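A.B. asks: In order, the protein sequence lines correspond to chains A and B. Each residue of the first sequence is one higher than the one before, starting from 0 at the first, in numbering that gives the first Met the number 0. Each residue of the second sequence is one higher than the one before, starting from 0 at the first, in numbering that gives the first Met the number 0.
Because the hints were derived from the structure by calculation, they are not lab data.
With a Cα cut of at most 20 Å, we get these calculated DMTMM-like pairs of lysine to aspartate or glutamate:
| # | chain 1 | residue 1 | chain 2 | residue 2 |
| --- | --- | --- | --- | --- |
| 1 | A | 173 | B | 88 |
| 2 | A | 388 | B | 27 |
| 3 | A | 411 | B | 45 |
| 4 | A | 390 | B | 45 |
| 5 | A | 411 | B | 44 |
| 6 | A | 390 | B | 44 |
| 7 | A | 447 | A | 317 |
| 8 | A | 388 | B | 32 |
| 9 | A | 189 | A | 218 |
| 10 | A | 424 | A | 434 |
| 11 | A | 146 | A | 131 |
| 12 | A | 95 | A | 200 |
| 13 | A | 390 | B | 32 |
| 14 | A | 390 | A | 418 |
| 15 | A | 197 | A | 174 |
| 16 | A | 388 | B | 52 |
| 17 | A | 189 | B | 88 |
| 18 | A | 197 | A | 101 |
| 19 | A | 197 | A | 185 |
| 20 | A | 108 | A | 167 |
| 21 | A | 470 | A | 209 |
| 22 | A | 89 | A | 78 |
| 23 | A | 278 | A | 418 |
| 24 | B | 6 | B | 307 |
| 25 | A | 424 | A | 404 |
| 26 | A | 388 | B | 45 |
| 27 | A | 470 | A | 247 |
| 28 | A | 197 | A | 209 |
| 29 | A | 142 | A | 81 |
| 30 | A | 278 | A | 367 |
| 31 | A | 210 | A | 98 |
| 32 | A | 437 | A | 81 |
| 33 | A | 330 | A | 451 |
| 34 | A | 271 | A | 384 |
| 35 | A | 388 | B | 44 |
| 36 | A | 173 | B | 52 |
Owing to the predicted nature of the structure, the values given are computational and were not obtained by experimental measurement.
Okay, here's what each chain looks like letter by letter:
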Amino acid sequence: MKIMKSVLAATVIVLSAGSAVWAARTDLVMGVVLEPPHLDPTAGAAAAIDEIVYANVFEGLTRINSAGEVEPALAESWDISEDGKVYTFKLHSGVKFHDGTDFDASDVKFALDRARAEDSTNAQKGLFAAIDSVDVVDATTVKVTLKQPQGSFLYNMGWGDAVIVAPETADANKENPVGTGPFKFEAWAKGSQITITKNPDYWGDPVALDKATFRIIPDAAAAVPALLSGDVDAFANMPAGDALPQIEADPRFKVVIGATEGETILSTNNKKPPFDNLKVRQAIAHALDREAIIAGGASGYGTPIGSHFSPANAAYVDLTGTYSYDVAKAKELLKEAGYPDGFSATLKLPPPPYAREGGQVVASQLKEIGINLEIIPLEWAQWLEQVFKGKDYDLTIVSHTEPNDIGIYARKDYYFQYDNPAFDKVIAELDVTSDQAKRNELYKQAQKILADDAVNGFMFELAKIGVWNAKVEGLWENSPVQANDLTDVRWTE
Amino acid sequence: MTTYILKRLGIGILTLVFASMIVFAVLEIVPGDPARLMLGMNATEDAIAALREQMGLNQPLAVRYIAWLGGFVVGDLGRSYTYSVPVLDLVADRVAVSLPLAVIALVLSTLVAVPVGIFSAARRGRFADTVAMGTAQLGVAVPNFWFALILVYIFAVWLRLVPAGGFPGWAGGAWPALKALILPAIALALPQAAILARVTRSALIEVMGEDFIRTARAKGLPAGRVLWTHALRNALIPVLTILGLQFAFLLAGTIIIENVFYLPGLGRLVFQAITQRDLIVVESVVMLLVASVIVVNLLVDLSYAAVDPRLRTR
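Produce the entire structure from the sequences given, and follow the hints as far as they go.
C.D. replies: This is the structure:
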């Protein structure tokens, strides 16, 4: 009997070991730092929402791929009219929402009309501002007419805020998201984890994973042991801090440093003296040592930038040399501006480490040229109220994480309070241009103007520190949009 | 005795009403618009206005206070601004983590601390006492988040006996859930136990110097009997006071430990709610904590009376 038992036990061990070799794992546990407030990407700005549902649960007419390019999604193709104002989308047929109802052109009309309605609470309502009307032609054809041509329209329709939702389920998406994507929402244990599972009725290529769990781990000190103990398989953007070299040395893990769309800048109140003086802003630009700021504020990970544009973008030009690090020159400019002894100002800092820690470095660098900064730490809610809405600030540090957002410099009510008609002209032209080569050329002009005007202290592009199990592949290296697209993720053995 | 309880209850309710006004008023003057925070930097003004209307933020202050307080009385705590689920459900989920955690930590610390305290008092000034109190001093000094990390590295990363953090929920069975709570409970219990051991020891030593102990000894009672029946009972009052304070602290003050172990507890809920300006959640949880502190204090007061008959007549 005893022998029987041992034989049985041995068989079980061999069998389980065998199956581990033959079948690759089909589940994935991802660590995320922030818990989303809810799961409806059409009703909130939190990146944490898109990090769960974008491309996984919800899909739009178009989507943004890992290279930041526009790809077809629910629309398999489109025609653009000669004048650039009418987009006719041909939709995939046989698409079903997760609740079993059919997806068709009327859902597209509903979703776009809802996002641009009077009482819409869409956080990116501006994306839909150019739409004049949405018309259903037939079940798989929808026609969108714009008020004026908009070069970025297809890109805009790829945002998480522009995903297609069904009229029956739209209001409940915050708690129970129902989309058309390759994963279905399964469960959300608040404060703990969110689970999505494979959608067996998906219209497109099926995904390799059967189940994905997003585990919420808010603390950097907790993230490292969670990875080392095997509780978590991957962090798309890991708060690793000083432990990163230790993880890099561990053959079980891959560390992939990529780029985000986060331009981290020393935002400057361009209407408030003395910052309305170009020479003062140039002096500040010359006084900033970007490498030291990256070392102090981002653990050494980040790419220096000279304007408000992502180095990962094809239209990027390196303008870091416009005002290179030169303390003597900075002092000279400050003197010319009429401040030979410098001046005092405030630096308001929101909570992220790049701001709080980077801010210390910036303050000490500006002290070198005689600008004494009083550091005022703020919570996000206060920052939005005082700095962003109230424009009650001198300098602040923030990372602008929206992709391709150089157009914010043309907004008159924006908190930089920048006003340059030459720049506005370039953006206006960009708005109505859809030819990519032409667009890139305009983007370059826009970058150059901002760099020359030293609108803000352009510091660095935030890095994306991806850490995952060496046997996992298909996770994004860069984050052209804030998403954890799991559609191509698989275990290699 | 009944008047004693009624009086305590009355004071408790008054404190609650008073606390509700302060909590509400303080949170109303905290800067920051919840609607703007939710919609972020690219939001248009009309979208923010629409959301404020939807959240009921445009009603006058007094109306919102009365509605909130009225709801509280009938058990309706309102809906979370950010999560848009009933606050009661949200809180219930979190209490299912925080309460067991606090109870385990409290039981652990009491089981360790009280015997150590008695032992030390009985051997006052000797080597064993010095070692025990030295260890307790260390326990007070070591920050519990650091101790927690050491525990995680030993038991989760190295030995792999327990998960490094997270909480699987009670639905998956009691054992996995308890397993997830063991390390945090130990980390929480350490400083509590250290304090409790020192209080037990000093209270006992103080009582041992009283006249009635000398009398007991003089009439020839054995030393053990003097310690266990006469001295200990009289030394319990300060110990109970500390226990009551500790329980309140364990319920509310676990934010750091909950972060280290990423447990979805009350402390983290409050912290998250404050940064997200989910005011209704903050108000409700703070009120619940106030209520639980009042209840615990009431229980402590009652147990004083049980321990010390002299208090019953007051």
